[in-house]
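Undergrad: Sequence:
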Amino acid sequence: SRREDIKEEKEEEKEEEKEEEEEEETKEEEAEEEEKKETNEDSEDKTE
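Residue numbers for the sequence shown follow this note's numbering, so the first one is -12 and each next one is one higher.
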């Protein structure tokens, strides 16, 4: 039925949005990890 099609479409959109948000979060976390690594390397350089 038409109503079920609309319902399914909305659920698919929600799923896609959720996946995109998770991808964004993963990218942000990876960027933070990279920054931490760089910061650690900088502080190690200063102690030498």
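It is worth saying that the hints were derived from the structure and are not from the lab.
Please read these numbers as outputs of a predicted model, since none were measured by experiment.
One thing to keep in mind: the hints can contain errors.
Each computed BS3-like pair below joins lysine-lysine, with the alpha-carbon atoms no more than 25 Å apart [to be verified]:
1) Lys24 / Lys14
2) Lys23 / Lys33
3) Lys5 / Lys(-6)
4) Lys33 / Lys14
Derived DEER-like restraints, expressed as beta-carbon distance ranges [what the hints assert, rightly or not]:
5) Ile(-7) / Glu28: 37 to 45 Å
6) Glu(-2) / Ala18: 40 to 48 Å
7) Asp32 / Glu11: 48 to 56 Å
8) Asn27 / Lys5: 45 to 53 Å
9) Glu28 / Glu6: 30 to 38 Å
Where is the CB? At the ideal position from N, CA and C, for every residue including glycine.
Undergrad: Now look at each hint and say whether the structure bears it out.
TA: Do the hints match the structure? See the list:
At roughly 15 Å between alpha-carbon atoms, lysine 24 and lysine 14 fall within 25 Å of each other, so this suggested pair holds. For the suggested pair lysine 23 and lysine 33, the alpha carbons sit about 15 Å apart, so the restraint of at most 25 Å is met. With a C-alpha separation of about 17 Å, the suggested pair lysine 5 and lysine -6 falls inside the 25 Å cut-off, and the hint holds. Restraint check for lysine 33 and lysine 14: not satisfied, since their Cα atoms lie roughly 29 Å apart, outside the 25 Å limit.
The given range of 37 to 45 Å is broken by isoleucine -7 and glutamate 28, whose C-beta atoms sit roughly 53 Å from each other. For glutamate -2 paired with alanine 18, a C-beta distance near 31 Å fails the hint of 40 to 48 Å. Range check, aspartate 32 to glutamate 11: Cβ separation about 32 Å, and the 48 to 56 Å hint is violated. The beta-carbon spacing between asparagine 27 and lysine 5, approximately 33 Å, falls outside the hinted interval of 45 to 53 Å.
One distance hint, 30 to 38 Å for the beta-carbon pair glutamate 28 and glutamate 6, holds here, with the actual separation near 33 Å.
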